[in-house]
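Each protein sequence line maps, in turn, to chains A and B.
Reminder that position 185 of the first sequence reads as 582 in my numbering, one-by-one numbering, no gaps.
Reminder that position 49 of the second sequence reads as 85 in my numbering, one-by-one numbering, no gaps.
Just so you know, the hints here were simulated from the structure itself, not pulled from any lab data.
It cannot be assumed that every hint is accurate.
Straight-line alpha carbon distances no greater than 30 Å define the calculated DSBU-like cross-link-like pairs of lysine-lysine that follow [to be verified]:
no., chain 1, residue 1, chain 2, residue 2
1, A, K1028, A, K957
2, A, K1028, A, K1081
3, A, K845, A, K758
4, B, K95, A, K1090
5, A, K1081, B, K95
6, B, K146, A, K1028
7, A, K957, B, K146
A partial selection of chain A residues facing chain B, derived with a Cβ cut-off under 7 Å [claimed, not checked]:
no., residue
8, V973
9, R976
10, A1018
11, A1020
12, I1276
For each residue, glycine too, the CB sits at the ideal point set by N, CA and C.
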Amino acid sequence: MLAENLLLLLAVLPFIGAVSAVTMPVSARNAEVALAGSVMVAGLLALAVLFQDVTAGQVVSRSLSWAPSLGLDVTLRLDGFSWLMLLLVYGIGLLVVIYARYYLAPSDPVPRFYGFLLAFAGSMVGVLIAGNIILMVVFWELTSLFSFLLIGYWHQNAGARDGARTALVVTAAGGIALLAAMILLGQAVGSYQLDDVLRAGDLVRGHPWYLWILGLFLLGAFTKSAQFPFHFWLPNAMAAPTPVSAYLHSATMVKAGVFLLVRFSPVLGATDAWFWVVAGTGMVTLVIGAVIATWRNDLKGLLAYSTISHLGLITALVGMGSGTAIVAAIFHIMNHAVFKASLFMGAGIIDHETGTRDLRKLSGLRHAMPRTALLAIVAAAAMAGVPLLNGFLSKEMFFAEAADWHNGTWLDRWLPYIATFASVFSVAYSLRFIAAVFFGPLATDLPKEPHEPPVWMRRPVELLVAIVLLVGFWPEALIGAILQSGVLAVLGDTAPRYSLALWHGFNTPLKMSLTALVLGALFYFLFSRRLSQANEAPGFLSLLRGQQIFDRLMLVVTRKWPVFLSRVTGSNRLQVQLRLVVLLSLSAAAWALWGAGRLVPRGLWDRMDPGFALLWLAGIACAIGAAALAKYHRFAALALLGGAGLVTAMTFAWFSAPDLAVTQLLVEIITTVLLLLGLRWLPKRLQEIEGDKRLPARTRRAIDLVIAAACGAGVAAIAFAVMTVPPGLSIGDWFRRNAYAEGGGTNAVNVILVDFRAFDTMGEITVLGIVALTCYALLRRFRPAPESVAQPSQQTFNELPPLDPGREAAAEPTRRDQMMMIPAIIMQWMFPVSVAIAAYLFLRGHDLPGGGFAAGVAFAIGLLLQYLATDVRWIESRITILPVRWIGLGLMIAAGTGMGAFLFGYPFLTAHAQYVELPLIGPVPAATAMVFDLGVFAVVVGSTVLMQIAIAHQSLRSARLRAREAADAADPVAAAEERENRIEEQAHQQEGA
Amino acid sequence: MELTLSLGIGVLVGSGVWLALRPRTFQVIVGLCLLSYGVNLFIFAMGRLVTGAAPIMPKGGFVNPDRYADPVPQALVLTAIVIGFATTALFLVVIMASRGLTGTDHVDGKEREQ
């Protein structure tokens, strides 16, 4: 049980650390290091405890059910191989955390850095211990995402942004291919559990989808581990801070690709296709990476291509696929991680202390920083494969495989020569790294005076170099057990016997090593001067411009094609777009319903009711009138719209829907008032718009009329056809039967809203609150059009005394007393009545028509009437309404009621119902649903009032604008300045638009 | 009654669509209101038309569902009415702001070039 919990801890801890890291203050550098470092140390401790559980090929796993019906479980699974990889992730992670503390400048925001780093480590851990192949892809894509954020850490720098984007596009696209591969694989095997997939090798290899699975899988693995031709993202990612490069490109990101290859080699490997594609790609990448690295002038660029080359080596080994090749691949994954991390950190130190990474500028640094020089030289020697260092051992194994393993193809016969050829260049670039930077005369024109770095920036490098040396001398004693458990985990019973001894005799691999060392050194000393003069790549390889091809492709796909498509098919004009939408829905409906037998209308003249027909005669007239008048006679159109709404409300009442009738009626009132308030800010439409009577405008109207008529006729036909067939079984039956039994209320509609489907209502009131806040926020920056600022003619029609609190106090007549005096008094007296109506509607809601929605709108109308009766200043000096608090309180009540159910062990929003006897009022339903309804009520009141007030307050704003203009008239100089500012502002706005 | 109501729905939807395709913002907002009446009535009508059978259930005992109107379309429409009001308000604020910023009430924010 301890092991399983530790496994969960391994996966979760980095993410918890990441969340804590980003919440810390920007200046908390040491606290961030302590946090990130303790996460890494905790991971290492957990690994130490877990090691005994995975040594002999056993597996620790823990499963949490996620979506069992889809075969998806959160399964975590640890074996020897993932243990070994986790050791790299956490171990090198710890060193990178310490190193980065001294590398990052004081101006760099550390919470973001450590947050991303920890989240990336967590995603990487997830890839390694996911026991479900879909889960693995999820973490895989997370690594792409967080590496994007890490590479783009210095987002002010265009190179960092480009590099990050390239890395994301390439690796995430590979991730999508991998997802497809995993889905196919899971379908072929019949299970998405990694254990089942790993056992099903023969089944998969014989499956008709095998080549598809393999191709998509390799696309994912190759993009991630920067194999040719997808290698170009890795050098671009060097724009990242060096600690990130050291982490991503030694131990983690790129190793995820080779991890996947090794992990799935027993399932997908050992076929001709696997050999040709994987070994072939690996060898090509090995050679190209090594050759280009030799020509790079940028220190990190050299290391980047060297990384590509070493990844090619590992890939080639997995491609050969024999037991000893897998051993060599795993061994080289570890060795490469160690020496490459130390080299990146060394390069970072050089960059940090000299201000440049250019090999042509750097020289003789062993005089200025002797210790760093020594460390970097040892690590670079390991990269070259010099004996007695760790890189030598795994490289020997690679040579042995290349020379001794055979399958009789031409590629197989050429393997030893290609391997030696690549090694020559590997020696050459390692030598160039050492000689150009540390030897020769000390460079004098460096941007900074070079000196040794802070001690703790060097300590991580020292530790890594010590490992390089110790593993080089005593491989068996130091990591024999770890490697053995990793190999057992991958190969199981077929694990080969191998020896980690230093001396195997003067055999072929040793001869190849020595040849490479001699030729490499020779090459470097002959051509060193030409290397730095050539432009970053030898002649023919400079033709391989993956980056340019990628850029061109991105330009075409994300810019040229969309622009072309939108030019050919698109329009900026709303009318055209809407017409398309309408036509599309019309034809979709017509296509779906064409010839549907059930939709033949029947019983055309049954059940005619003259009263109802008369009602709708009025309704139809209102609708058509509103449509006709909405352009030039907007006030009339608004009145007619209200008429149509009224007919709708009466229809609801007619057909047994009292709740709807009440709500519709109330909403109708408030909508009309709202639109009236808005009308104040739209242009007066007294004259005819130019061109309105000309042919194009007439044609457009005629076409739209046909479209609209078709839509209307279609909807009418469907409605009629449905209404005239009997309903059949409906979910409504259940609600009708159980409204009282289960919901404790007799009004089935209200019970559905506040009990059965309360969660929907909860969402709905949230939307309502958000909309109200949005209206409020939009209007805060509202600028009325200049011609709307003037006082409306209705207010200036009669000469009225001014609104003046002084006069009011002195009991003299003000404008308010003369305008609408009688309605104003009636409206003020109506306030208590409307409050009482709201309370009545609310209390009876559970059993009779009413409820929170209707009560809320009624209450809001009560308040609204007060605004209409007087003016904003008068009413707000008397009643304090805080609509935002109403919204907040309402949401809290609703959510709180829902969560109250947790206390009694029921799911969210489970309701409880009973009746209580109130004095004078009688039995009142006291369901918890009523409390929920109270929340609904409060949100509806708050939202409605907030929207109305926000619009109503605009008239205060325009009063202020008028006052400012009056001031302008008094002071013409200031007014001129003001006007200039305004013109500039308008120009800005037009640019923005 | 079915015929009358479906004709009414058709006219509401037709007028709404026609107005929604018009160039002035006020026409569009009136059109959306008409369209929402039509759609609400359409959804409501899916529960079939019955008179004098409001879904107020008896307290306990056997309930014959056929004697009451279907409450489900009613509940749907009730929320639709309130949300429809909210979107109308939002749209109104947007057209007010758009008018203030662009100086025109054309839906494209600029007058059509002749």
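Do the hints match the structure? See the list:
1. A:K1028 with A:K957: Given that 30 Å is the threshold and the Cα spacing comes to 40 Å, the pair is violated.
2. A:K1028 with A:K1081: holds (11 Å)
3. A:K845 with A:K758: Roughly 12 Å between the alpha carbons, so the hint for A:K845 and A:K758 holds.
4. B:K95 with A:K1090: violated (64 Å)
5. A:K1081 with B:K95: Violated, at roughly 57 Å.
6. B:K146 with A:K1028: holds (17 Å)
7. A:K957 with B:K146: holds (27 Å)
8. V973: violated (10 Å)
9. R976: holds (6 Å)
10. A1018: At 9 Å from the nearest chain B Cβ, A:A1018 fails the 7 Å test, so the hint is violated.
11. A1020: holds (4 Å)
12. I1276: Hint on A:I1276: violated, closest Cβ of chain B at ~22 Å, above 7 Å.
When the structure is compared with the earlier hints, violations turn up for hints 1, 4, 5, 8, 10, 12 and for no others.
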